[in-house]
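J.: Starting from the given sequences, assemble the full structure and let the hints guide the process.
Here the protein sequences line up with chains S and D, keeping their order.
Under my numbering, think of the first position of the first sequence as 1, with each following residue one higher.
Under my numbering, think of the first position of the second sequence as 1, with each following residue one higher.
Be careful, since some hints might not be right.
Copies of the same chain look alike in the list, so a pair counts if it works inside one copy or between any two.
Calculated pairs, DSBU-like style, for lysine-lysine (alpha carbon to alpha carbon, straight line, at most 35 Å) [stated by the list, open to error]:
{"id": "1", "residue 1": "Lys287", "residue 2": "Lys100"}
{"id": "2", "residue 1": "Lys77", "residue 2": "Lys230"}
{"id": "3", "residue 1": "Lys104", "residue 2": "Lys287"}
{"id": "4", "residue 1": "Lys51", "residue 2": "Lys209"}
{"id": "5", "residue 1": "Lys219", "residue 2": "Lys230"}
{"id": "6", "residue 1": "Lys277", "residue 2": "Lys77"}
{"id": "7", "residue 1": "Lys230", "residue 2": "Lys208"}
{"id": "8", "residue 1": "Lys77", "residue 2": "Lys287"}
{"id": "9", "residue 1": "Lys219", "residue 2": "Lys209"}
{"id": "10", "residue 1": "Lys287", "residue 2": "Lys230"}
{"id": "11", "residue 1": "Lys104", "residue 2": "Lys219"}
{"id": "12", "residue 1": "Lys287", "residue 2": "Lys209"}
{"id": "13", "residue 1": "Lys77", "residue 2": "Lys293"}
{"id": "14", "residue 1": "Lys277", "residue 2": "Lys226"}
{"id": "15", "residue 1": "Lys209", "residue 2": "Lys77"}
{"id": "16", "residue 1": "Lys293", "residue 2": "Lys209"}
FYI, nobody ran anything at the bench for these hints, they're computed from the structure.
These numbers come from a predicted model, not from an experiment.
Protein chains: 2
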Amino acid sequence: MVYAGIDLGGTNIAVGIVNESGKILSQCSTPTRPERPYQEVAQDMIVCIEKALRQAGCTVESLHSIGIGIPGIADAKTGRIIFCTNLGWRDIPLREELQKSINKPVFIDNDATVAGYAESVSGVSRGCDTSVFLTLGTGVGAGIIFNGRPWNGAHGVGGEIGHMTLAVNGVPCTCGNNGCVERYCSATAIIRMARQSCMAYPDSAILKKAGSIDDIDAKAVIDAAKEGDKIALRIFHRYCDFLAMAINNITAMLDPEMIVLGGGVSRAGTFLTDTVKEYTPRYLMYKTMPSPKIEIAQLGNEAGIIGAGLLGLLVKKQ
Amino acid sequence: MVYAGIDLGGTNIAVGIVNESGKILSQCSTPTRPERPYQEVAQDMIVCIEKALRQAGCTVESLHSIGIGIPGIADAKTGRIIFCTNLGWRDIPLREELQKSINKPVFIDNDATVAGYAESVSGVSRGCDTSVFLTLGTGVGAGIIFNGRPWNGAHGVGGEIGHMTLAVNGVPCTCGNNGCVERYCSATAIIRMARQSCMAYPDSAILKKAGSIDDIDAKAVIDAAKEGDKIALRIFHRYCDFLAMAINNITAMLDPEMIVLGGGVSRAGTFLTDTVKEYTPRYLMYKTMPSPKIEIAQLGNEAGIIGAGLLGLLVKKQ
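T.: Here it is, written out as structure tokens:
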């Protein structure tokens, strides 16, 4: 049997045919154009699945199920998308719509959750029963894998580690609260700190790389830090210190076997993990006890497709 | 079969014989006197178990196992206590010592964890697969029950919700960090805020109840708040706001079915839960979705004995 995995983003619908080991056999993608009626988006998903199946030399009969990772939350029972802010979707019966064309089981879950699940099946956290995956991008997404299964909470509102309060009365967040983890641990946080610093220190290598204050991105800061620029290093260390606090909060509550870092900032690789590991020990409650490993994600952008596809595997396991 | 449950505190060893439903059949207690060699403390545990068994009309043969809740952490595999700060214990082979006298399985777990487990078997959270228990006392202890079982983490360092960072650069904590949940959500936090306020507002009813600034306790503040004292109400609301943030952090990560409040502050009852529930909605990420119930613990001081005893039930379930 093979599994269709769909990574549904605001820009693209990326579809892959995945085998039981989490290997992508074929891929197909098309623009999402979320302004269209959802029925058209669903139809494009079907077209991509059929195309990818043909590319992989598989029939619809060999397809076990369709899994979809969405930037939002879904109701696992009904297969309806509850919220999907980027797409402007609210209460969309996506499973029902897809099953009109391909009558197979349809599973829908959060995109960070399925990416974390993919890492736990065929990525860096494979073999770990319990792991937490963080995507350090525009925001901070998270996927909790508990006893080998994605965990979204009893009401489906868990796994929102990016919106835990880290700083009472801290930086205002897009969610309406203040001081959320996302405001200190995302790529956006690096950019905010860098813009502030570059106004005071216009000689920083960050500005030379970025061109202008408005064009600063996390990569410019990390590249400048790697080259030893003092201002960039200060920002990067401040960022890693915040990330270490957030990681310690995960350890203090859940203590998973591994915490996996993905998303744009994780491209810094061992420069990121080595610096974070300078800061985590100071926040650990039991300093002499073992604590979660901190590793960079291995599957990159493909994690979304793989994890979505493998959602079908979970049902077989039950 | 019956189960011996031991609540090991810095002051007393409280032993109970518990049946499978979590009912205490008999109880016996003796002072801990932790300055003694641990072998003597263990011997007193045995004496109490034998006495309680006789009181309950049970034989040693009918005893399934011995469970112990400790104010510290233990290694579940070896049955050794790793740390137990209040008792000054470090790396103590408690299971081995007890089994010299009574050759039955011995289970050791954190006291807040076993109390939360007791609530999930025969207390307010019975029927909940996943719940989080908080003891709001001198510190903030926590017990996470996941899929019906206590969860202490992959390395045994989880469930330390009291030492998650809530306020970057916040109030210094006994653990060496700053801004821990415990510094804002414990009875100690209420006392700290009340002492500060009473210096500025000596006419507050808090001082009339407590007698002096040094004698202020959480009860004096809560009683004064219940009677409408403005200063006490302000402190209590500030406290409930912090607690709501900590509760939201639990929801945002784990989203359990229920969050159970125990410990001294929870004696405020619905005055506490009603006020906390005024604040939780503002921190929820998905305001229109259901979220964890917030309830007061039902088993009081007996939760420690019951939960410790029922640790034996977990092994039978496997």
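J.: Could you run down the list of hints and mark each one as holding or not?
T.: Cross-check of the supplied hints:
{"no.": "1", "hint": "Lys287 with Lys100", "in the structure": "between (55 Å within a copy, 32 Å between copies)"}
{"no.": "2", "hint": "Lys77 with Lys230", "in the structure": "neither (52 Å within a copy, 48 Å between copies)"}
{"no.": "3", "hint": "Lys104 with Lys287", "in the structure": "between (49 Å within a copy, 33 Å between copies)"}
{"no.": "4", "hint": "Lys51 with Lys209", "in the structure": "neither (42 Å within a copy, 76 Å between copies)"}
{"no.": "5", "hint": "Lys219 with Lys230", "in the structure": "within (16 Å within a copy, 52 Å between copies)"}
{"no.": "6", "hint": "Lys277 with Lys77", "in the structure": "between (40 Å within a copy, 28 Å between copies)"}
{"no.": "7", "hint": "Lys230 with Lys208", "in the structure": "within (14 Å within a copy, 56 Å between copies)"}
{"no.": "8", "hint": "Lys77 with Lys287", "in the structure": "between (42 Å within a copy, 20 Å between copies)"}
{"no.": "9", "hint": "Lys219 with Lys209", "in the structure": "within (9 Å within a copy, 59 Å between copies)"}
{"no.": "10", "hint": "Lys287 with Lys230", "in the structure": "within (30 Å within a copy, 43 Å between copies)"}
{"no.": "11", "hint": "Lys104 with Lys219", "in the structure": "neither (42 Å within a copy, 59 Å between copies)"}
{"no.": "12", "hint": "Lys287 with Lys209", "in the structure": "neither (39 Å within a copy, 41 Å between copies)"}
{"no.": "13", "hint": "Lys77 with Lys293", "in the structure": "both (34 Å within a copy, 21 Å between copies)"}
{"no.": "14", "hint": "Lys277 with Lys226", "in the structure": "within (16 Å within a copy, 47 Å between copies)"}
{"no.": "15", "hint": "Lys209 with Lys77", "in the structure": "neither (49 Å within a copy, 54 Å between copies)"}
{"no.": "16", "hint": "Lys293 with Lys209", "in the structure": "within (33 Å within a copy, 50 Å between copies)"}
When the structure is compared with the earlier hints, violations turn up for hints 2, 4, 11, 12, 15 and for no others.
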